[in-house]
Amino acid sequence: MKTEAPLQHGFTYLELIATATILMILASAIPPTAKVMRTRNKEIELRRELRTMRNAIDRYKLAVDQGKIGGSDVKLGSEGYPPDLETLVEGVSQVGRLDFKLKFLRRIPIDPMTGKAEWGMRCYQDDADDQTWCGENVWDVRSTSGGTALDGSKYEEW
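Heads up, the sequence shown is in the working numbering, so the first residue is 1 and it goes up one at a time.
Treat the hints as calculated values from the structure; they're not laboratory data.
It is possible that part of the hints are untrue.
Calculated cross-link-like contacts (lysine to aspartate or glutamate; reagent style DMTMM-like; alpha-carbon spacing at most 20 Å) [to be verified]:
(1) K116 <-> E86
(2) K116 <-> D140
(3) K116 <-> E49
(4) K61 <-> D84
Build the full structure now, drawing on both the sequences and the hints.
This is the structure we're talking about:
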């Protein structure tokens, strides 16, 4: 009479090593991908904050052009742009209404690249490549981060 050997079920040592190697290769791709995603999210936030401040500056300029802001709130030579970012938060008196202030920002946003509410500014009178602020008005804002974006551009040029 012939006896049959019981069937062996399971993995061989070689199969286990191959599976572990494949899992390690796949797991090693996660940290770089996560870093890129964090950077991309910060870049999206930076673009959003820049757009918010630039829209507030444009609304201030429009209010000056429409005559809603005037008198001592608009300095000669400012071309109708705000004197600083704090003015957009604190607000200015509306012409004809003593008890009402026009406010354009709730707060000065935090630069996601530096983690601070400090921004580079340009005056209307500045050249396009100036890195210093003249201190007379705020025509544009930029990040003060010296970092490079995923697309190769500098954050301070956005």
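A quick look at each hint next to the structure:
Of the supplied pair hints, the one linking K116 and E86 holds, its CA atoms being roughly 15 Å apart against a limit of 20 Å. Proximity of K116 to D140 is assessed by CA-CA distance (about 18 Å); at most 20 Å being required, the pair is judged to hold. Of the pairs offered as hints, the one joining K116 and E49 holds, with about 12 Å between alpha carbons and a cut-off of 20 Å not exceeded. Between K61 and D84, the direct Cα distance comes to roughly 13 Å. Compliance with the 20 Å bound is thereby established for this hinted pair.
The structure fails none of the hints (numbered hints given earlier).
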